[in-house]
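**Q** Listed below are the residues making up each chain.
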Amino acid sequence: MSALLEIEGLRTHFFTRAGVVKAVDDVSLRLERGRILGLVGESGSGKSMTGYSIMGLVDEPGRIVSGRIEVAGTDLATLDEPAWRRLRGNRVSMIFQDPMMTLNPVLRIDTQMVEAVRAHNNVSRREALDRCRAQLSRVGIASPDERLRAYPHQFSGGMRQRVAIAIALVNHPDLVIADEPTTALDVTIQGQILFEMQKLCRESGTGLIWITHDLSVVAGLADDVCVMYAGRIVESGTVDEVLDHPMHPYTRGLLDSIPGRNVPGRPLSQIPGMAPSPQDLDQGCAFRVRCPRAREDCRVAPATTRPTSQRTLRCGHPLP
Amino acid sequence: MITSSLPLVELRSVSKRFSRPAGVAARIAHRLGASAPQGTVHAVEAVDLRVDQSEVVGLVGESGCGKSTLGRMVARILEPTSGERLWKGRPYEEYEHEAARSERLAIQMIFQDPYASLNPRMRVADIVGEAPVVHGLVSRAQRDEYVADTLGRVGLDPSIMRRFPHQFSGGQRSRIGIARALAVRPRFLVCDEAVAALDVSIQAQVLNLFIRLREELGLAYLFISHDLGVIRHVSDAVVVMYLGRVVESAPVAELYAHPNHPYTKALILEVPDVAARRRRYTPIRGEIPSPLAPPTGCHFHPRCPRAFERCRQEAPALREVAPGHASACHLNDS
Numbered sequence: 098m099s100a101l102l103e104i105e106g107l108r109t110h111f112f113t114r115a116g117v118v119k120a121v122d123d124v125s126l127r128l129e130r131g132r133i134l135g136l137v138g139e140s141g142s143g144k145s146m147t148g149y150s151i152m153g154l155v156d157e158p159g160r161i162v163s164g165r166i167e168v169a170g171t172d173l174a175t176l177d178e179p180a181w182r183r184l185r186g187n188r189v190s191m192i193f194q195d196p197m198m199t200l201n202p203v204l205r206i207d208t209q210m211v212e213a214v215r216a217h218n219n220v221s222r223r224e225a226l227d228r229c230r231a232q233l234s235r236v237g238i239a240s241p242d243e244r245l246r247a248y249p250h251q252f253s254g255g256m257r258q259r260v261a262i263a264i265a266l267v268n269h270p271d272l273v274i275a276d277e278p279t280t281a282l283d284v285t286i287q288g289q290i291l292f293e294m295q296k297l298c299r300e301s302g303t304g305l306i307w308i309t310h311d312l313s314v315v316a317g318l319a320d321d322v323c324v325m326y327a328g329r330i331v332e333s334g335t336v337d338e339v340l341d342h343p344m345h346p347y348t349r350g351l352l353d354s355i356p357g358r359n360v361p362g363r364p365l366s367q368i369p370g371m372a373p374s375p376q377d378l379d380q381g382c383a384f385r386v387r388c389p390r391a392r393e394d395c396r397v398a399p400a401t402t403r404p405t406s407q408r409t410l411r412c413g414h415p416l417p
Numbered sequence: 006m007i008t009s010s011l012p013l014v015e016l017r018s019v020s021k022r023f024s025r026p027a028g029v030a031a032r033i034a035h036r037l038g039a040s041a042p043q044g045t046v047h048a049v050e051a052v053d054l055r056v057d058q059s060e061v062v063g064l065v066g067e068s069g070c071g072k073s074t075l076g077r078m079v080a081r082i083l084e085p086t087s088g089e090r091l092w093k094g095r096p097y098e099e100y101e102h103e104a105a106r107s108e109r110l111a112i113q114m115i116f117q118d119p120y121a122s123l124n125p126r127m128r129v130a131d132i133v134g135e136a137p138v139v140h141g142l143v144s145r146a147q148r149d150e151y152v153a154d155t156l157g158r159v160g161l162d163p164s165i166m167r168r169f170p171h172q173f174s175g176g177q178r179s180r181i182g183i184a185r186a187l188a189v190r191p192r193f194l195v196c197d198e199a200v201a202a203l204d205v206s207i208q209a210q211v212l213n214l215f216i217r218l219r220e221e222l223g224l225a226y227l228f229i230s231h232d233l234g235v236i237r238h239v240s241d242a243v244v245v246m247y248l249g250r251v252v253e254s255a256p257v258a259e260l261y262a263h264p265n266h267p268y269t270k271a272l273i274l275e276v277p278d279v280a281a282r283r284r285r286y287t288p289i290r291g292e293i294p295s296p297l298a299p300p301t302g303c304h305f306h307p308r309c310p311r312a313f314e315r316c317r318q319e320a321p322a323l324r325e326v327a328p329g330h331a332s333a334c335h336l337n338d339s
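Protein chains in written order, with our numbering: chain L, 98 to 417; chain C, 6 to 339.
Simulated from the structure, these hints should not be mistaken for laboratory data. Each residue gets a CB set at the ideal place from its N, CA and C atoms; glycine is no exception. Fair warning: there could be bad hints in the mix.
What the hints assert, rightly or not - What the simulated footprint calls covered on chain L by chain C, stretch by stretch (three residues with Cβ under 8 Å from a Cβ of chain C suffice, anywhere in the stretch; the number is not a length):
no.	region
1	244-251
2	302-315
3	388-394
Unchecked claim - From the derived model, a few chain C residues whose C-beta atoms are all more than 10 Å from chain L:
no.	residue
4	Glu135
5	Pro163
6	Asp241
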């Protein structure tokens, strides 16, 4: 059986007046049913744009230049707009960082949810409402009947995000892409939402891509992890392999920057410098200017290697 | 810890209430004799706080717990509704006269959003140099030299002085905000979520800057954050707030090793940790209640796994449970 999601050599570039921005540059990844993949990177690393590319949401002046995205064996490049519409929100759905941007502020929750159900299913309004109610309680919303008749502004941030998650899941998609959905939320609310998402994936076999900048969230939630830097996946593998034995100096640096892993009060080990502007990237390893292990030959892009059967690495001088 | 010297900053039972100003309709109704209920938010309720010389106190809590309001009162941006604020043992009000200007400048604030807190129309040299010139710390002629010196201290190249804020990344803007605060030679910084908007690798750089400045200049901080990992790393002592009240305070190692209050325990449990794999989340139920209508008794009781009858009726007082470790929970009585 083919994987739920397979991406091969994806390049999403933006053609701006100032030059070509290679937001996603040769990304390949694979996700099986019922698994959770953490896509980790800092701002501008291309992690969100990878998600948008899968959803077919890349806008001008950007476009997918090359590469193949297959969802359950369907090559997305072959789809026309009606086929995309049947796929998005149905088989594949996305949860965004800011639920205030995803929910329409002038429509009640029931209107928005029923629309999502009936766009993809030939069911009566009454049956659609039943599904919505069931989905809302599944994501931990108490008294869903009352909540269905409310407007988004009547909810707290955490509740709004639950509603957005319920809408994304209401058609039982095969694949969910979650773009930093808990970043704006408090720790206790984040814990609740991670709990619900984990349960839903395990129970329904949904594949989940969790896009985040926070390695510690990925550690607790995901099965596999891809670390992105400047548009490329620099390291990937199972969470245990990558976080216990990082081989790319960037992954190591990220892990070491987390305050909880350092001796309190002592200076944190830090990655010097900052991420390069995606316009200035050359062919070489984009991390080399900040890398303690960089050598002369890092000016040439390192090829992707497979240190073990489940890992990929893009580094010429990996950590032992 | 017994110190002979006075605390740098002390708050005694400080409260802040925000009331919605009555609208036209409400004012007319009031004049006609109707008594409409007024919406009052108890943002901060009877908080005691103490920060010693060169000490870092971490203030932690979730959104709406009043930590920013408290920080703003310490930094003199907001006036408390009641309670007393002391600087070096004397009330803030005694520093209002002209001669005490340098004492007033000794408290500075670093804001959360490095995009919103810098004037986009001002050059870096003006952002950092305006206050020290106005307050007579340096002459206009020496300004650029002074600004260059201050920028160097926060790890910025002095050649950027002529640039505008939009030309910088988030991490650089943070440093500019810190340089602006340092330019008036403060003794004490209130840092309100100062690293929350930064990427992990940049956050580590800015935290290191805070640690270095503390060592070099002997600064004290009130470090406000929702991130328990950050708080643990930079603080000497930690104060935990929930819905306007302090629920627990302790030296940092003690708090993380022996949290007493159920809320603190839950918070520490919820902190994502790289070492915890495929964990089973056991979240505390519910959300922070609205401060417009806080629960009776202990504010945490609707979410508390161990709440009992007394928690619904009576607000627990902060009591010492170990040396230097105070907690407000009825469970400590039984």
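**Q** For every hint, state whether the structure bears it out.
**A** Here is how each hint holds up against the structure:
Counting residues of the region 244-251 of chain L whose beta carbon lies closer than 8 Å to any beta carbon of chain C gives 0, which falls below the threshold of three, so the coverage claim is violated. Residue count for the region 302-315 of chain L with a Cβ under 8 Å from a Cβ of chain C: 5. That meets the three needed, and the coverage hint holds. Only residues whose C-beta sits within less than 8 Å of a C-beta in chain C count toward coverage, and the region 388-394 of chain L has 0 of them, not enough to reach three; the restraint is violated. Every CB of chain L lies more than 10 Å from the CB of glutamate 135 (chain C), the least distance being 27 Å, so the non-interface label holds.
Non-interface status of proline 163 (chain C) relative to chain L is upheld: no Cβ of that chain comes within 10 Å, the nearest being about 18 Å off. For aspartate 241 (chain C), the condition that its CB be more than 10 Å from all CB atoms of chain L is violated, with the nearest at approximately 8 Å.
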